Structures are given as C-alpha cells and as structure tokens.
Amino acid sequence: MIRHSALILLIMMSATLYTGLASFQLADSVSVLFRNNLLMKDLRESLARTETSLTNYLTSKNSDALKEYIKNSTHLSDTARKLNQEIRNDESLLLQRDLARSIEQYIIKTETSVSGKRGRDVQTYSTAYYESEKIADVIRFLIEKNEKVFIADSIAAFSNYKSVISPAVTTNAILVVAATLLGLMLLISYSYTLTEPLAVLAEAANALGTGNYEAELPKPERMDEISVMATAFSTMRDNIKQSFNSMQEKAEMEKSLMQERMHVLDMEHKLKDAELLALQSQINPHFLYNTLSAGMGIAWEENADRTSNFLEDLAGFIRYALKPTFRTVLVSEELECAQRYIRLLQARFGARYQFEIHAEESALSAKTPALLLQPLIENAITHGLAKKEEGGTIKVAIALDGSDVVMQVEDDGEGMSEHEIARLYQELDTNHEPARKDGSGIGLRNVMRRITLSTNGAGVVEIHSRLGGGTVVTIRIPRKGD
Amino acid sequence: MKNAARLFAILFGLVLIAATVINADLIVKSQKALADGIFRSSSSAKPARYHLVAVFPDTDDSYFRGLINGLNEEASKIEAVVQIFRYPAESNTEAERYFNLAMAARVDGLIMFSKRGDPLAERKALADRSNVRFIPVFMDSPLDEDTFFVGSDLKKQGFASASAILPRLGNSARIGVILPQTGSENILNEAFYQGVLEAMKNFPGARVVAAIRSRPGAMSGEESAASMLDSREPVNALICSSARDTIGAVQVVVDRNAVGKVLIVGTDETPEISRYIQNGVVAASIVRDSSAIGRSALRAFSDMLSGIKNPARYESGFLVLDQQSLKAALR
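First to last, the protein sequences are chains A and B. For what it's worth, our numbering labels the leading residue of the first sequence as 1, then goes sequentially. For what it's worth, our numbering labels the leading residue of the second sequence as 1, then goes sequentially.
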C-alpha cells in the first residue's frame, strides 16, 4: 500500500515538477526577451548620446563635452561587450557580432576624430567624423534588425512553445485526473484487501463463539498485520480446541469417577441398609422369640396346651431360622425344623394341606446346610397348592442314595410347563432377579446357592414337574461324616 | 470487486505512465522550442572560423535559392558561416547599406550580387581597406574583362534560350522576351537580350516583337506574356529569363489555348517547369547551375585566404532541359 502510494506521489510530483519547470521557463523567456530589448534600447540611447557628445566636442572643443563623450563612448563600448562576439551559425548571434564589431569600429572612428580635433587636424577629424556617422547608421540599422530578428524569433519560439505546451497542460490535467482515479481505485482495492480478511476473521471468531473450530481463516498471502492476526487467531483457536478437548476428557473422566463414587456410595448405603436390616432382623426375632417364650409360659400356666405347643413350635422355628443360614446342621435337626413348620402350617390351614414325611433313620445323622426343606415346603404351598381350592398333599422324603443324601419335597399342585421350568433354571443359573412378581424362585435360589457353596459345587437341585401334575424338587448333596 | 479494482488500477497505471511519458516529451519539445528561440545562446549554435556576408536582391528567382544553397553547402566544408542579407531588387541604397554593414563589421568576406554599372572598383578598394575579401557575383559578365567575378553569363543564357526555338520557328519566329528583373537601363545593353539577338543572326527573318523587363510581384510573368500576346504583332515564341516568369507565361498561353502555337522557353528547373516540359507546354528551359556558382564563390574566398589576390573567373554553364533530356534523365 505504501509502495503504491509512493509511486502515485512520485508520478504526481514529476508532473508538477515538469509543469513548474515549463512555467519557470515561460516566465524566464519573458525576462530574456525584455533583457535583450533593454540591451538594444541601451545601445541605441548610448549611441545617440555618444554621437551628441562627439558633435558637441567637435563643435565646441569643450572639455566637459569631451568628458561627456568619453563617458558615453565608454558606456557604449561596455554595453557592446555584452553582445555575442563569436562566429556562430545563427542569424541573431551573427547580427550581434556585426553590431559589436560595428560599434568597435565606430569607437575607433570617433576616437580618431577626437584625436584629430585635439591635434587640430581638420581633415582627419572631419573624415573620421563622417565615417563614424556612416557606421552609426549601420549600427542603428543593425540594432533595428536585431530587434526585428529577435522579436520574430521570440514570436516563432512562443508560437512553437504554445503549440507544444497546450497539449502538455492538457496532458497534465489528464495526468492529475488519472492519478486521482488510480488513487481511488487503489484505495478501494486495498480497502477491500484489508477488510476482506478482517471479515473472514470476524466470521471465524463468531463461528468460534458457537463452537465451530473449522471455520475458514484468511490465507496468509503476505506478512502483514492481518496475516499476523490470522496466524495468532489460528494458534489461539487451536489452543482453545486443545484445551476444550482436554477439559472434555477430564469431565468424562470425572463423570466416570463420579458414577463410580455414586455406585460406591450406593453400595455403602445399601450396606448400611443391610446392616440396619440385619440389626433389625437380629433384634426383632430375639424380641419375638422371647415374647413367644413368655407367651408359651403363659399358655402353659393357663393350661392351654394347643396354644402352648403352637407357640413352642413357632419359637423353635424362629430360633432355628434366625441362626446363620450358612451353618451345617444334622439332617435330623433340619427335619425337626421342617416338622415344626408343617405343624405351624397345619395350625394355620387346618386340613387343607396334607403332609407326608418319610425319613430313613440312617440319613438323619448326615449333615446338611441348614434351612433347605422349609423354603421348598413354603414354595410348594405358595406356588403349587395355593390356587387349588381343595388343597393338596406335600410329601417330604429323606434318604441316602449311595454317598449322597437325598432330600425331596413333592406336591401335587398345578405344576409347571417345560417352558416355565427352563426359565426357572435360566434364572437360577444366571442369578438374575426373579421375573415373577410373586417372588417365587427367591427361596429356591437361596437354597441352591447355599448348597453350591457348602458342597463346593458338588450338590445339585433337580426340578421335575409337569403342568397339572405337581412338582418334585430333589436335593442331592454328598454325605459328610456323622 | 477486488479483481475489477485491480484491473482498473493496472489500466490507470498504464494510462498514467503513458501520459507521463507524453507529458515529458511535450515538455522537452517546449523546452527545445524556447531553447531554439529565446534561450538560444552562443554555445548552442555551431561555431565557425570565418564570417562571410552575402548580399543578394530579394526576388523569387530560383537562381538565388540555388546560389544560397551552394553557399551553405560549401561553407560547412571550410568552417565558415554565411550571413545572408537580401534587399529589394530595385533598391541600390539598401545594397549599399549592406555593403557598409559588412565593412563596419569587418567580416572575413563579402559575397555581393553585382551588375554592370555597379562601382566595383570602389567597393573592392573599400573592402581591401577593411580587410574584407570582396567577391562579386554576376548574372552577366562585367564589361571589364579584368574584373574578377563569379556567376553566370546572361548573354550566353539569352543565346541558349533563343537557340532552343529558332531551329523550329526559323525565319517566321516572332519572339517576345521577358528580361531579368535587374539589369541595364538600356535594353540594348542588357546581356540577356544581346544573347538572343546574337542567336537570331542566323535567322534573318526572325524578329523580336517585344522585350519587357520583369517586375517585382508574382503576376509579373502573366502581365508581360499577356501584353506581348495582345500586341499588334502577336508573338509565337516567349523567352523567359526566370522561373517565375516562365510559370506566369505558361498560365497565359494555356488560358488562351495557345499551347503549341506559342512556344515558351523558360529558365531554371522546378517541378512545375519539368511537368510543363513533359506535357509539351514549355519547349525547353535553360537551367543555370546557381548552386555551383555559390560553391565557387566560397572556393574563391578560400583562394583569397590562401593569398591569391585575383582568383580565376568562374562562369557557370547551362543545361538545356527539354522533353528528350527529361526522358533520358528518367531512363
């Protein structure tokens, strides 16, 4: 921009300089014209004064006239020295030479005449005087001719000058207009050059504000301030983008950590709930057990034998159930617990459900995880027989089968389809939460887990059922020492 | 928009540069115009060793143009400049003034057109006293056989002019003569006229019906020719002693539809005269080599400079230009 502006200024300066020079020359030419005219005028007047003073002296022989003559002739001679003396191939210069040399001859003649006068040589001074007058005529003629030639030359020169200076003035006017237009065009061009990348930069800044990091930036065509800004903006945008990505990754990480922490907190919360629940379940059953024992004592004092037996069975079942479930008990103890539970059910439901128990004596001394039969009996009532209005029969069988203790709970309830059995097995295997709303499967899964854990996976639970044909759940565990 | 702006900028840049160049050229021309005129100084004009003055009558006779050209051509060879002064053809006073000017200015040489009757001896004496080499240029040779001069011989020119037509017209020739603008007051003493009469001696029946001296002015030739054609005894031949009078006579003959009936013998060679010869309007033209005369005048000056007080006379020859010679020249 600066370079181009300088060029325009240079051109305009040149134009102005040229015009100025031409104007100066024009003015100077007028001065020269007047100078030459003045010189000729001076010569004419000086010649006239010399002639007069010479005539005065020759006629009066007055010393003042002589002084005057000397003064005038000296001035004439001095003035003549300003004329060209060289031989040059130029009409005006040759005329000046003629004039200069004629004046020189004139002075010689007048000097001769004065000398003749002073020497009283009439013939000499009169002859010289007439000759000087003849030369004076020539001088006047030459002065006139010089002036004519000079004026003619001047007119021709001015005419020539005018013919060429007029187009020069017009050209200068065009030059100034062209320079102005060029300046405007360059200004517009450079304004556009300047504002376009700024506009692009502004758009990129707006885009950055809306999260778009890919907006186009001005291309760095040259190293100017805008390119520096664009480069700086690009660097800043890259840094922001990098920082944002870093922050995003950090936020993701923190979110993940937060989720984990929430999970831990949830777990802690659940643990506390479980602890609380466990505490509650420790406190309440004891309270219940003691209360039931107290009720049993009251019933015994009042001779209410059935109530006393009912409370005794309930208190004995609760005491058995409240002990840790992962303990190992004798099969006889497990059987006793099952019998107490059956008696409680009989007290509750009367003759609605029939119970048959077959236990081999040899199996009673074997050991088994505690509380296996009760959940199975409960399931048989809840899922197998509950919907049967006429009730049903539940058979409990305990026997030895080789090295295994086999415990079996059978009902003649509604039974399950193969699809339901398959789904039940899948739920038990995958340890999923029970899909059924009635909670069936919880007791069975609990039983299976404890069997698996206590037998290191050797124990199995088998389910045999058919729809409308009742269900048989068989527990097979390796026999452990008596 | 940007591209358009750039295009305009380039366009205006070119216009600007072109305008600047033109402007500079114009300024230079204007400077030259002033330098050649008002600002002309001694250093800008070519220097020379010798300063000569040439004094010629101011007529439009092409003879003098050739003479001046010859002088200028030769001047450059001997490092001389020739200052030309021209005076009205009839003004002897003016001629004398220029003579005095040359004497007063003590120039190196004076080339002066002279004619019979001029005070040649007196001028030469004055010039010698002023140390000015005096070279008279004559159209007709001076009567004094001893006088040095450079020029053409009008008598011979008149003889050649009459000889160009007399063989065709023979004794029936009725000649009208337009004499040179300058010359003897008595026509019988006019060298040109004497040459014509000399040529007519071989044709006793031939006669000069009229002889008129040319006058200043462009129409002099027409006026002289018309008066001779209108005379009681009409002419059948017109002899002109200058190019201007030749052209004038041609105009009258053509206007009067007398081409072929009136033969014209002209003087010198101009494009117009050559064209009239080709067309058969002019029978012939006697061409004086005035340029050679000019060159010879300066050679005479050189001789004087080298100490030769009386250089040899120089008389230029003549060339008869007619249809045959023109055809030969074209071939």
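No lab work stands behind these hints: they were computed from the structure. Keep in mind it's a predicted model, so treat the numbers as computed, not measured. Honestly, I wouldn't trust all of these hints.
Stated by the list, open to error - With a straight-line cut-off of 30 Å between C-alpha atoms, the simulated DSBU-like cross-links for lysine-lysine are:
id: 1; chain 1: A; residue 1: Lys162; chain 2: A; residue 2: Lys148
id: 2; chain 1: B; residue 1: Lys46; chain 2: A; residue 2: Lys41
id: 3; chain 1: A; residue 1: Lys134; chain 2: B; residue 2: Lys327
id: 4; chain 1: A; residue 1: Lys134; chain 2: B; residue 2: Lys309
id: 5; chain 1: A; residue 1: Lys148; chain 2: B; residue 2: Lys46
id: 6; chain 1: A; residue 1: Lys41; chain 2: A; residue 2: Lys162
id: 7; chain 1: A; residue 1: Lys162; chain 2: B; residue 2: Lys124
id: 8; chain 1: A; residue 1: Lys162; chain 2: A; residue 2: Lys71
id: 9; chain 1: A; residue 1: Lys145; chain 2: B; residue 2: Lys46
id: 10; chain 1: A; residue 1: Lys82; chain 2: B; residue 2: Lys46
To see whether the hints hold, each was checked on the structure:
1. A:Lys162 x A:Lys148: holds, 20 Å
2. B:Lys46 x A:Lys41: Between Lys46 (chain B) and Lys41 (chain A) the Cα gap is close to 28 Å, so the pair holds against 30 Å.
3. A:Lys134 x B:Lys327: violated, 56 Å
4. A:Lys134 x B:Lys309: Roughly 28 Å between the alpha carbons, so the hint for Lys134 (chain A) and Lys309 (chain B) holds.
5. A:Lys148 x B:Lys46: holds, 22 Å
6. A:Lys41 x A:Lys162: holds, 27 Å
7. A:Lys162 x B:Lys124: violated, 47 Å
8. A:Lys162 x A:Lys71: violated, 43 Å
9. A:Lys145 x B:Lys46: holds, 22 Å
10. A:Lys82 x B:Lys46: holds, 20 Å
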